[in-house]
Amino acid sequence: MSFGERFLIHPDLFPARLSGESWGDARLNLEIAGTSHAIEGLTDGQAASMAERFAGFDSGVPAKDAVRSRVFRMAPEEFRAIDTRGWNYDLDQDAGETWVRIAGMRFVARLAWRPDLEGALWTAASDVDFPGVLENYLRVLAAYGLAAAGGALLHSAGIVDDGEASLFVGVSGAGKSTFSRLSLDEGRQVLSDDLNALRPTTAGFEALAVPFAGDIRSEARTGARPLRAIVRLRQGPEHRLAELRPAAAVALLASCAPYVNRDPFRAERLMTNLASIVAGAELRELAFALRPGVWSLMGREVRA
Amino acid sequence: MATLEALRDVARHEPLRLRLAGQCMEPALEDGRTVDVVAERVYWPGDVVVFARGDGRLVAHRLLGFRPGRPTRVFTQADRSPEPDSAVALHEIVGRVVTPVSLAARWGALRRFAGLVRRRVLARLA
Numbered sequence: 001m002s003f004g005e006r007f008l009i010h011p012d013l014f015p016a017r018l019s020g021e022s023w024g025d026a027r028l029n030l031e032i033a034g035t036s037h038a039i040e041g042l043t044d045g046q047a048a049s050m051a052e053r054f055a056g057f058d059s060g061v062p063a064k065d066a067v068r069s070r071v072f073r074m075a076p077e078e079f080r081a082i083d084t085r086g087w088n089y090d091l092d093q094d095a096g097e098t099w100v101r102i103a104g105m106r107f108v109a110r111l112a113w114r115p116d117l118e119g120a121l122w123t124a125a126s127d128v129d130f131p132g133v134l135e136n137y138l139r140v141l142a143a144y145g146l147a148a149a150g151g152a153l154l155h156s157a158g159i160v161d162d163g164e165a166s167l168f169v170g171v172s173g174a175g176k177s178t179f180s181r182l183s184l185d186e187g188r189q190v191l192s193d194d195l196n197a198l199r200p201t202t203a204g205f206e207a208l209a210v211p212f213a214g215d216i217r218s219e220a221r222t223g224a225r226p227l228r229a230i231v232r233l234r235q236g237p238e239h240r241l242a243e244l245r246p247a248a249a250v251a252l253l254a255s256c257a258p259y260v261n262r263d264p265f266r267a268e269r270l271m272t273n274l275a276s277i278v279a280g281a282e283l284r285e286l287a288f289a290l291r292p293g294v295w296s297l298m299g300r301e302v303r304a
Numbered sequence: 305m306a307t308l309e310a311l312r313d314v315a316r317h318e319p320l321r322l323r324l325a326g327q328c329m330e331p332a333l334e335d336g337r338t339v340d341v342v343a344e345r346v347y348w349p350g351d352v353v354v355f356a357r358g359d360g361r362l363v364a365h366r367l368l369g370f371r372p373g374r375p376t377r378v379f380t381q382a383d384r385s386p387e388p389d390s391a392v393a394l395h396e397i398v399g400r401v402v403t404p405v406s407l408a409a410r411w412g413a414l415r416r417f418a419g420l421v422r423r424r425v426l427a428r429l430a
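Chains C and W are the protein sequences, given in the same order.
Our numbering applies: residue 1 is where the first sequence begins, and numbers increase by one.
Our numbering applies: residue 305 is where the second sequence begins, and numbers increase by one.
No lab work stands behind these hints, which were simulated from the structure alone.
All C-beta atoms in this analysis are idealised placements derived from N, C-alpha and C, irrespective of residue type, glycine included.
The following label-pair restraints were derived from C-beta to C-beta distances:
(1) P237/C - S390/W: 24 to 34 Å
(2) P372/W - P237/C: 29 to 39 Å
(3) D44/C - E318/W: 54 to 64 Å
Which stretches of chain W does chain C cover? Using the computed rule of at least three CB atoms under 8 Å from a CB of chain C, they are:
(4) 319-327
(5) 363-377
Please put together the full structure from these sequences, using the hints given.
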């Protein structure tokens with residue numbers, strides 16, 4: 001099935017330019033993972049629902065260097081009706097050297113580097129469905145923005161212990177949400193149990209919360225936390241910590257870097273970023289059991 | 305003890321990074337300092353070794369000497385403590401703190417160990 005066929009009646013008519021008919025004149029300014037975003041062309045209702053959904057990430061004033069995204073109308077009849085029962089939602093994605101195309105339920109989007117990153121979203125969603133649509137778009141935008149900045153967006157549980165963040169990475173079902181709840185019970189802060197951002201700094205990498213769906217997530221922008229460890233997570237009969245080889249860690253992170261890891265034009269950049277992340281982090285593999293005490297294993301204080 | 309075994313596993317393959325909390329090893333190791341701990345085949349008097357106390361907390365104190373037996377036990381003591389710790393089994397040591405140990409520190413550890421042995425012998429004879 002070629003790009004867009006799952007979602008669009010006429011995928012060959014995919015917008016070639018970042019232009020169209022705006023929904024309205026309202027705008028929203030967000031700060032996501034250290035990057036300012038200006039979302040333009042919204043109705044007042046769309047802006048209000050988004051402001052409520054992303055309240056803690058609303059930066060209020062537009063930043064000069066914000067990544068600009070414009071929202072345009074698209075007729076509902078352009079989209080296929082999809083029976084979502086038992087269906088695993090996954091976006092369609094296509095890429096070129098200077099652009100990325102996305103198709104999903106009731107929306108299409110295009111990212112372009114001209115030379116700075118900007119984007120456009122065409123959707124039939126007015127108010128009620130709009131937050132979900134914009135969130136799907138922003139996930140892709142954040143993933144590409146972070147990769148371009150030398151970082152990565154990673155499917156992971158981000159846990160803060162003593163001011164430093166560790167990312168617990170694993171395939172679906174590895175126990176990221178369960179581990180996050182255990183960590184909350186043991187007094188740790190959870191950035192997100194689903195997606196976390198890593199950005200380079202002069203001293204290494206820092207982890208930041210992103211406002212995307214997950215059972216546990218930060219409701220507001222939190223301070224960036226220095227990255228301590230990358231941990232491959234799995235469930236086991238008892239808590240057990242082992243080493244993780246750098247090559248295995250890079251491969252693991254690559255499998256958990258959504259959208260960009262499918263893009264042949266940005267794969268090399270992503271792998272370079274991931275190798276840098278791995279080079280500066282402690283690497284561990286953690287098996288955890290469904291009982292307290294796992295942070296005494298992860299904790300690293302010694303009495304003197 | 306699974307935790308201790310896991311930490312020792314890590315320390316065998318690569319340095320285990322730990323943060324010191326407490327002033328008992330100053331000035332050699334100051335409070336808050338981050339140290340690397342590596343597992344060794346052999347430990348020497350004067351080494352600062354990390355082991356788990358009965359309550360499960362990790363402790364970094366200076367190794368004084370050994371008591372042969374099954375298992376072999378080691379005596380440790382904090383530099384600023386007047387008394388040694390309870391002896392721990394050699395296999396309960398997680399590793400050695402990677403830090404230079406002066407000849408004077410090793411000599412001091414041996415002297416403390418000699419004093420400890422002397423006191424125990426005298427106590428047994430009394």
